[in-house]
Structure formats: structure tokens, C-alpha cells
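Q: Whenever a hint applies, use it, and build me the whole structure from the sequences.
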Amino acid sequence: MNAEALRTGSKPLPRRRSEVVYRLSRLATSISLHALVVASLAILLLPIVWMLSTSFKPLADVFSYPPQFIPRNPTVESYTTQFTGLLGRYFLNSVIVGLLSAILATGAGALAAYGLSRYRLPGRNAILMFFMASLAFPIPLLMISMYLMFVQLGLLNTYIGLVIGHTVITLPVCVWLLKNFFDQLPVEVEEAAFVDGASRAYTLFRIVLPMARPALGASAIFVFVTSWNELLFGLTFVSSTSMRPLPAGISMSFLTEFEGAWSEMMALSVMVSLPIFLLFTVFQRTFMSGVTAGAVKG
Amino acid sequence: MLDKKMATLAAAVALVATGAAAQDKTELNYSGWINLYPHHAAAVGAIETGFEKKFPDVDWILNDVPFDQALKQATVASLAGNAPDNIHLIAGWVPALNDIGALEPLNDYFTAEEWAQIPQSSLDSVTFDGQIMAMPWVPGPIIMFYNRNLMEQAGLDPDAPPQTWPELLEAAKAICALPDVDGAPIYGVALRTARNPNSAQWTIPIIYGQGGDIVDADGNVSFDTPEAAAAYEWVRELTDSGCAPSGFTIDETRNTMAAGRAGFIFEGPWGRGLFNNLSGGKLTTAADGDIWAAPMPMDPSGKRRTIGNPHEITISAGSEHKDLAAEFIRHVIFDPEITTAYFEASSQLSTGSMPLLTSGVMGEDAYTQVFVQALPDTNDNPIKSPKFYAVMDDLVVALQSIIQGGDIQGELASAQRKAERTMSR
Amino acid sequence: MGFSPRQAPVFLAAIFAPSILLVGLFIVYPVVNSVGLAFTDASPLSSGRSFVGLENFVYLLEDGEFWEVLWNTVFIVGAATIIATACGYGLATLLISGIRAAAIFRAAIFQVWVVPWIVIAILWGWLFSQDYGLVNYLLMQVGLIETPVKWMFDQKASQWAIISGYAWRAIPFIMVICLAALQGIPSELVESAAIDGASFLQRQRYVILPLMQNIIMVAALLQAVRFFQEMTMIFVLTQGGPINATMVLSLYTYKTAFEDWDFGLASAIGTVWLILLMAFALLYVRVALRRNLA
Numbered sequence: 001m002n003a004e005a006l007r008t009g010s011k012p013l014p015r016r017r018s019e020v021v022y023r024l025s026r027l028a029t030s031i032s033l034h035a036l037v038v039a040s041l042a043i044l045l046l047p048i049v050w051m052l053s054t055s056f057k058p059l060a061d062v063f064s065y066p067p068q069f070i071p072r073n074p075t076v077e078s079y080t081t082q083f084t085g086l087l088g089r090y091f092l093n094s095v096i097v098g099l100l101s102a103i104l105a106t107g108a109g110a111l112a113a114y115g116l117s118r119y120r121l122p123g124r125n126a127i128l129m130f131f132m133a134s135l136a137f138p139i140p141l142l143m144i145s146m147y148l149m150f151v152q153l154g155l156l157n158t159y160i161g162l163v164i165g166h167t168v169i170t171l172p173v174c175v176w177l178l179k180n181f182f183d184q185l186p187v188e189v190e191e192a193a194f195v196d197g198a199s200r201a202y203t204l205f206r207i208v209l210p211m212a213r214p215a216l217g218a219s220a221i222f223v224f225v226t227s228w229n230e231l232l233f234g235l236t237f238v239s240s241t242s243m244r245p246l247p248a249g250i251s252m253s254f255l256t257e258f259e260g261a262w263s264e265m266m267a268l269s270v271m272v273s274l275p276i277f278l279l280f281t282v283f284q285r286t287f288m289s290g291v292t293a294g295a296v297k298g
Numbered sequence: 001m002l003d004k005k006m007a008t009l010a011a012a013v014a015l016v017a018t019g020a021a022a023q024d025k026t027e028l029n030y031s032g033w034i035n036l037y038p039h040h041a042a043a044v045g046a047i048e049t050g051f052e053k054k055f056p057d058v059d060w061i062l063n064d065v066p067f068d069q070a071l072k073q074a075t076v077a078s079l080a081g082n083a084p085d086n087i088h089l090i091a092g093w094v095p096a097l098n099d100i101g102a103l104e105p106l107n108d109y110f111t112a113e114e115w116a117q118i119p120q121s122s123l124d125s126v127t128f129d130g131q132i133m134a135m136p137w138v139p140g141p142i143i144m145f146y147n148r149n150l151m152e153q154a155g156l157d158p159d160a161p162p163q164t165w166p167e168l169l170e171a172a173k174a175i176c177a178l179p180d181v182d183g184a185p186i187y188g189v190a191l192r193t194a195r196n197p198n199s200a201q202w203t204i205p206i207i208y209g210q211g212g213d214i215v216d217a218d219g220n221v222s223f224d225t226p227e228a229a230a231a232y233e234w235v236r237e238l239t240d241s242g243c244a245p246s247g248f249t250i251d252e253t254r255n256t257m258a259a260g261r262a263g264f265i266f267e268g269p270w271g272r273g274l275f276n277n278l279s280g281g282k283l284t285t286a287a288d289g290d291i292w293a294a295p296m297p298m299d300p301s302g303k304r305r306t307i308g309n310p311h312e313i314t315i316s317a318g319s320e321h322k323d324l325a326a327e328f329i330r331h332v333i334f335d336p337e338i339t340t341a342y343f344e345a346s347s348q349l350s351t352g353s354m355p356l357l358t359s360g361v362m363g364e365d366a367y368t369q370v371f372v373q374a375l376p377d378t379n380d381n382p383i384k385s386p387k388f389y390a391v392m393d394d395l396v397v398a399l400q401s402i403i404q405g406g407d408i409q410g411e412l413a414s415a416q417r418k419a420e421r422t423m424s425r
Numbered sequence: 001m002g003f004s005p006r007q008a009p010v011f012l013a014a015i016f017a018p019s020i021l022l023v024g025l026f027i028v029y030p031v032v033n034s035v036g037l038a039f040t041d042a043s044p045l046s047s048g049r050s051f052v053g054l055e056n057f058v059y060l061l062e063d064g065e066f067w068e069v070l071w072n073t074v075f076i077v078g079a080a081t082i083i084a085t086a087c088g089y090g091l092a093t094l095l096i097s098g099i100r101a102a103a104i105f106r107a108a109i110f111q112v113w114v115v116p117w118i119v120i121a122i123l124w125g126w127l128f129s130q131d132y133g134l135v136n137y138l139l140m141q142v143g144l145i146e147t148p149v150k151w152m153f154d155q156k157a158s159q160w161a162i163i164s165g166y167a168w169r170a171i172p173f174i175m176v177i178c179l180a181a182l183q184g185i186p187s188e189l190v191e192s193a194a195i196d197g198a199s200f201l202q203r204q205r206y207v208i209l210p211l212m213q214n215i216i217m218v219a220a221l222l223q224a225v226r227f228f229q230e231m232t233m234i235f236v237l238t239q240g241g242p243i244n245a246t247m248v249l250s251l252y253t254y255k256t257a258f259e260d261w262d263f264g265l266a267s268a269i270g271t272v273w274l275i276l277l278m279a280f281a282l283l284y285v286r287v288a289l290r291r292n293l294a
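Residue numbers (the numbering used here), protein chains in the order written: chain A, 1 to 298; chain B, 1 to 425; chain C, 1 to 294.
To be clear, the hints were calculated from the coordinates, so they are not data collected in a lab. None of these values were measured; they are calculated from a predicted model. We treat Cβ as the ideally placed atom computed from N, Cα and C, and that holds for glycine. Hints may be right or wrong, so weigh each one.
Stated by the list, open to error - Under the rule of at most 25 Å between Cα atoms (straight-line distance), these lysine-lysine pairs were calculated in the DSS-like manner:
1) B:Lys384 x C:Lys150
2) B:Lys384 x B:Lys72
3) B:Lys303 x B:Lys384
4) B:Lys387 x C:Lys255
What the hints assert, rightly or not - From chain C, some residues computed to sit far from chain B (all C-beta separations above 10 Å):
5) Arg6
6) Ala14
7) Tyr29
8) Val35
9) Pro44
10) Ile83
11) Leu134
12) Leu138
13) Ile145
14) Ser164
15) Gln183
16) Ser199
17) Gln229
18) Leu282
What the hints assert, rightly or not - What follows is a set of in silico ranges between Cβ atoms, one per label pair, in the way DEER data are often shown:
19) C:Val58 x A:Leu153: 31 to 41 Å
20) C:Gln155 x A:Leu274: 30 to 40 Å
21) A:Gln152 x B:Val181: 56 to 66 Å
22) C:Ala103 x A:Ala39: 16 to 26 Å
23) C:Ala281 x B:Gly81: 38 to 48 Å
24) B:Gln409 x A:Glu77: 50 to 60 Å
25) C:Glu68 x B:Gln409: 12 to 22 Å
26) A:Ile160 x B:Gly101: 25 to 35 Å
27) B:Gln409 x A:Thr281: 56 to 66 Å
A: Below is the structure:
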């Protein structure tokens, strides 16, 4: 293991006298390393712990001094007050927009990525560079013209408008991620299929895409999460309460209502994070391999 | 297969998406912030059930928009052509929406007797070329609330609130000298100074209090005046001495007042309901209670003048149910049952109609009458322009800079330059 | 390698059609159109639209506010990226140093990356609350400060509050990428350096970092690009205040467009942003090329 080597250096045959010293120093290093990791973890997770802790406190205890890390009078009251129709509606809107965006961006992205990976297209690198660069295009600049377009097309205050918005800001990443994946798939499988007389479409849809399932999953999760996070389109392209996705809905309906009621705000925060948390916990392996493969190669 | 599953999923999603749109009743959409305060819930319920009882074929739909975002959302919706039928506004925003043709003139929707119930000054602020663009709803004089307990603790007479701005400063300093409670300080004045146009709007009465104004004789914006400088000096003296919080949002100032941690706050008629409820019932707003309301202090010439932030209810020009929308306005403004329900739930003045404000439960309510008496000194449109809030957004930068030690003259001059550009565009 | 496009023109057209349609209609056209709007006084509040030449750009470049916003953006994005990269790399090095239960630690840290921005915005408002916030409490306990910091009113403090939120959210991403890359370094390389008596720091300096630098740069750059676009936290927490301390390009453009409804000026800001971006990309490519040649 290189990790072992990193830490201890190489001491192939330690003599008896120094063995004790060696073991002790090894132990000390190990303890301090563990302490360091635990400390970093504590600092990093403190906000999340504080969020959970606050969400289970009655409001009176929220402002207690000194602060309580473990709620003395735990209650789930803050959670139960939130289950209003409105919050459910926001969840539903976000799920619909997120799923549709994930399907559209991953679908369109997979097709294009396959073409870019397999065919010697003129200007292939330029196309890839354009996709990469478009990630950095100012989103408000896009929104200005999209807003004017959507007014004309009647797409304001619709799911379709939001789905288009969320798709175009994630499509470039999908293309990159999936292209890197296709690059790693051996082309021989397809060549064999062609020899057997399979059409290109059949090969793509029945042979290649099923093999790409992990990458497609990673891409879809990425789009869904981005959509779940997105505030601006939801704020600007939607004007009725019932159509708002979560972030816009929360900033519109709940921030005023719960101002200062931190236990309820934290309960709300926990509930909004939970679906994404579950998604990642279930698909963590898929997602990690997808993201790291894409990024490390890129 | 994966694609089959995907197709099923897509179909299911599409079903959910379209299912929500199917309705057979006429929908009447209202947008505003009436529902965003928990203690208004009973009133919202009364408004909805009452209206749907009068019009059984109508489904009244509430669109929540927080106060901070209401102007923007109304503009977005109007430009997109899907504005709600009734839009809840404040007087200061009516010119902006009128300017883009978002509002329907109301003159012909109400009878002469109905119009006669509304004070002329309230109508003037929302009338353009003879067309009344909004119905005055909750009257909005901004006056001075004070914590009687803290006055007493600071050795001041709780029945004699300050009458001039220097007196208010003295009283505020005396109160903020009181010891901390539970590790948190007591403020003299809970003044809003977050980066929000309404923080600047709230400094206008202080400028009035120095005998100044924010428009010159020709009606042009004018921030760069000695009175404005004196007003901002007054504010800075409070914040520098820690007697006013720095950078608090509207809600933070209200929570501070409701926590009994501020001597004074400038608020409208909604103050009582907010403080009573935000304090969890620990504080009551009454002449002999914990918090009480008094007119704004006088300017050096002995004159009282304040701004109003009255709520208005309007009909959008794009509404397909304008008559119904007018009925909804009639319902909330002129139906005594509804105005009483709203008054009782929210503890605030609930209509622009003078006869209703001066009779029944509201007529007997001393709190209501403090505001009714302040109405003649109230200016609902300090700048009657579509750019009012945009200009306030220029001024709030100066306010924040000054509190942080910026040069008062220089900052006001800079706000003036920005405001002139804003007005000219 | 790869197939020749001539073998299957129809198939290729079909698989590229959806993305060409999406990208063309909703990325290329809007950008081109918005750049055009930058030379007009377009506003959805008025029906007419006239050509005003460079007026918007002249106003922008003369106005001190724009430069302030530009500097704030560079400062906030830059500081957050540097902190996140340093911490992410440090954590990855720690996790690969042979500690027990590294996988569990990694999974725990990764939870941070899962927290939605809107939640971070709300949570940071609570953590950095002036009177009751945990941050002020802890800093006072440790003795770093004597009186509570006005996080949302002091200009420097509010910038650091935002930076800490950005950096916090990005650490796991950098960490995961660095971890994957570190695992890919052949162990013989590091071992032989150790046999030669290289200390931990020397191994980092002469063996590991040179191998890692490209990946670290790419990860940091990707993160910086995301920070440039992100504004949920600022929108919810500060609205760009106090004064203009946390006003970043994205929020500034957005507010100019959708609060002042000045599409012309907003497009001009976006266009300048785009130009600066291209200049930076050009510079980056050139430096990267030179390094690769050397």
C-alpha cells in the first residue's frame, strides 16, 4: 500500500532496540492522524448537527444560553407543523421538474456524447470545448433572452419552461460525463453487432446504452440535484404559488412566515435535504464513479 | 428494459402535471402577503369561506408572495400575461404597475356611495389622470410604538412618550443603557437598516421630523439637503452608540420589539397584531399594556408629519373576471362581517372605509383611533413615481454607508446622483 | 479511432438533433440575442426599443459600483475556491494516510455536498445570527472575539460569512476528486522517495503535487465556475448588502434585469462578464499549453 509507505517510510528489518521506539512513534502518528480526521469531521459536520439539533427543540430552548447541543426537551412539533399542502405541492413541483429535466438532459446528452465519442466528426474538440465553455456563460444573460422568448411562446409559469431552463444549464456536464464513459467502453462490442447485421440505432439503444446505465444514472442524479437546487428560474419564470419549485417556494412562502422561528426553519431545511440525502446514499457508488471518472479524465 | 421504464415514468409525470390543471369552477386568483403571518390565518379563512358562500361557483385561490418580493412578482406576472385577478400592493408600488398598464381603473366598478367612504387623500395617492387604480385597504400611517415597561425601568413616564426627535433620542439612549437580558442587548430604537428599499423608506419620517422633505418644490427627488443630513446624523448617533441595531431586516426589528428588547419602533397598524403574536402572548399592546402607540414626534416647527404605507387591492388589467374581482374587493373592504373578522384576527385596521373604521368594534378601539387621527398628517406617496422604490434602493446604500461611518454629505450627494439617473431612465 | 461520419449521416443527424435544438435555441440564440440587447435600452416595461450604441457600456465602466462588484466577485469566488481546494486536498491526503474507517469518514464528509443551497442559506442565517448564532458563541468561548460580530452588517464579516458557506459546500467535491487521483498515483513512486529519505513534506513537494497539480487545477476551476453562477445564498441572506459588500456579478446582473427591468444595462453587464471570461480562458489555455510544452 502506498498509504502505508507514505506514513512510515520503509523500515524493512528494524533492530530490536529501536523497534519499541519505532512502534511508539508509529502509534503516535496514527493517533494524531485519527485525531486530525475526527476534528476536521467535527468542524465540517457541525452545521448539519446544529441544524438537526435545532430542529428538534421547542422554540423556547432555541435561544437558550449557553446553547444546547443535545435538545433537553426534544420534540418533533416543528416537523409536524410543516406538513401543509403548500410544502407538499412544492415538493411535487420540484420532483416533476427534476425528473423531466433529468430525462431530457441525460437523454439528449447521451445521444450527443455517443456521437462525439464514436464518430470522427470534424471539429469534435471544438464542440467539446464549446460545451465546457458554455458552463461558464452568465446564466442571467441567458435568462434575459429566454424570458423574452418564453413570453412569446407562452412558456412562463409552466413546467416546460423550467425544464428547459434546468436542462440547458446541465446538458454540457451530461455530455462531458457521458462522453468520457463511452470513451472507456470497448468499441469491439459495437463492431461485432454491426457484423451481425444490427442497425446503428439498435446497437445504441439495445447494447450500448444498457451498458452505460451507471453513467446515465450519475448524469440523471446530477441533473436532478442541480434542478432541486435551482432558485433563479423558479423565482423569475413562475408567478403562481402552485407552480413554484422548492427553493423559490420556500423563499416566497416560508422565509417570512418562519422568520425567527429557527426550529421550524431547521425542520424545513432537514426535510428539503432529505430526498437528496437518500438519493445519494442509495446511489453513492454510481455517482462517485461517474463524477470522478468524468472530472479526473477531463 | 430501461427505456420502457423511462417511458412509463414520463407518462406518469405527464399525468400528474396535467391533472393539476383540470378544474370546473371559475378560479379567482389573489396574490399578496395576507397569508404569510400565522395570526392572519383565521381572517384568511373567513375571507375565503365568506366569498365562496356569496359566489358558490367560484374557487378563490391564494398566491403567497412575501412583502419583499411582491412588487417584483406582480411585475413578472403582469409582463408574462398571467397576473392574478386581484393583486395586493402598497400605495408606493401602484405607480410602477400602473406605468406598465398592469392595472384596471376602478372608477366604474364601485358606486359613488362606496367611493365616498374612502378618505380623499387616500384616493389621491392612487389616482392618475382621474383614474383610480387601486382600492385603499389597510390604512398605513407609520407611527411610533414604544415599550412602556422599558420606559418605566429607564425612569421615564410611560404615559408621556417623547414629543420631539431630540427627546426621542434622549429616551432611546436612556433605555439602551439598561442592562442586557439573557446575554442580548436592549436597543433604544429597533430601526430597520438592512439592504432593502423599505429601510430607506422608513427614514423619510425622520427627514420630515427635521422639517425637511425628499422632493423639492418642483417635485424632483432631493436627498442632498441639510434636513436629510440632520436626519441621517440622528440615525448614526443611535447606531454608533449601540442604541439601534445595525443591518436588521424588517422582521428582525419586529422580533426584537416583540422580545421586549427595544424601546421604540416605527410601524403601521399591523404592529399590534405582530407584537402580540410574535411575543407568544407575553406582551400586549394597549394604552395600559406593555407596548403602546403614539404619534410621530414633531418637527422643530411643531408640525407632525409621517409617511403612510397603506395596503391597496387592485384588479389586474389582464384579468378575465374583472367584475368578480371587483366583488372580491367589495367583499374585503365594505362587508362589515369580513372587515370585523380581519380586524379581530390581525388586530389591525382592516379597511379603507371611514364609516367602518369609526364605528363598531374598530370605532371603540383606542388603538384604531390613534391611526385614524394620524391620517391627516400622513403622506402615502412621498414620491409619486413609478421609480419610487428604485430610488429608495439607491438611498439605502447611502444609509448603510453612513451608519458604517461614511461621509454624510458625500453619501447623500452620491444617492442623489444615482436617483437622478434612475429617474431619467 | 472511431467510425467515419459518412457511414451513417442520418443516424448522426438524429442523435445530434435534440442537443443541437436545445443548445441552439436556448444557449446560442439567447447569448447572441442578449449581447445584441446590450446596445439597446430594452426593457420589458416599455414596448419600444432603440439602439443606444455604447451608452450602457460607458455608464457601466464609469460607474464605480460595477468595479466594486467585479472585485467582490473575484474576492469571494477566489477566496472560497482557494480555501475549499486547500481543505479538500488536505482531507484527501489525510484519508489516504492509512487511517481506519476511511470509507466511513469519506461518506460522512460527502454529506456536506448533498445539502441544497437554499438550506445552506437558511442555515447560515442561523449560524451567523448576531445575537444567538452558534458562530459568535463559539468564537467568544474560544476568546477570539469579545463582542458579537455583526455578520450581516459588517462588510468584511459578511463577505467571510458567504465565503465560508461556499467553501464548506465545495470541500467534499474537491476531496473526492483529489482522493481518486491520489489513489491513482503508483505507490512505488512514493515508496522509493521515502526510501531515499524524503520527509512527508518533501514527498508532497517533489513527488505528489507535481503529479496532482493538473487535476487540482481542473477541480478548482470547475468549482470556481460554479461559484460564479451561484447566488442562492447571497439572494436569501444579504441581497448583496451590507452596502455592496456581497454584491456579486450574478446577483448584480440578475437584479438589474429582473428588479430594475433594465435589460439593456443587464445585458451589457453580462456581455462584459462574458468578455472577461473569454480573456481568462485564453490566458489559461496559453499558460497551460506553455507548461505542457515545458
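Q: If a hint holds in the structure, say so; if it does not, say that too.
A: Now for the hints, and whether the structure bears them out:
1. B:Lys384 x C:Lys150: violated (35 Å)
2. B:Lys384 x B:Lys72: Within the cut-off at roughly 18 Å; holds.
3. B:Lys303 x B:Lys384: holds (22 Å)
4. B:Lys387 x C:Lys255: holds (15 Å)
5. Arg6: holds (28 Å)
6. Ala14: holds (15 Å)
7. Tyr29: Tyrosine 29 of chain C is indeed farther than 10 Å from all Cβ atoms of chain B, at 20 Å.
8. Val35: holds (20 Å)
9. Pro44: Check fails; 5 Å does not lie beyond 10 Å.
10. Ile83: Non-interface label on isoleucine 83 of chain C holds, nearest chain B Cβ at 25 Å vs cutoff 10 Å.
11. Leu134: At about 14 Å from chain B, leucine 134 of chain C clears the 10 Å cut-off, so the statement holds.
12. Leu138: holds (14 Å)
13. Ile145: holds (14 Å)
14. Ser164: Given that every Cβ of chain B is farther than 10 Å from that of serine 164 of chain C, nearest at about 18 Å, it holds.
15. Gln183: holds (30 Å)
16. Ser199: holds (48 Å)
17. Gln229: holds (21 Å)
18. Leu282: holds (34 Å)
19. C:Val58 x A:Leu153: 31 to 41 Å: The hinted range 31 to 41 Å holds for valine 58 of chain C and leucine 153 of chain A, with Cβ atoms some 34 Å apart.
20. C:Gln155 x A:Leu274: 30 to 40 Å: holds (36 Å)
21. A:Gln152 x B:Val181: 56 to 66 Å: holds (58 Å)
22. C:Ala103 x A:Ala39: 16 to 26 Å: This hint holds: roughly 19 Å between Cβ atoms.
23. C:Ala281 x B:Gly81: 38 to 48 Å: holds (39 Å)
24. B:Gln409 x A:Glu77: 50 to 60 Å: holds (53 Å)
25. C:Glu68 x B:Gln409: 12 to 22 Å: holds (20 Å)
26. A:Ile160 x B:Gly101: 25 to 35 Å: 27 Å Cβ-Cβ, so the 25 to 35 Å window holds.
27. B:Gln409 x A:Thr281: 56 to 66 Å: Taking Cβ atoms as reference, glutamine 409 of chain B and threonine 281 of chain A lie about 59 Å apart, which means the hint holds.
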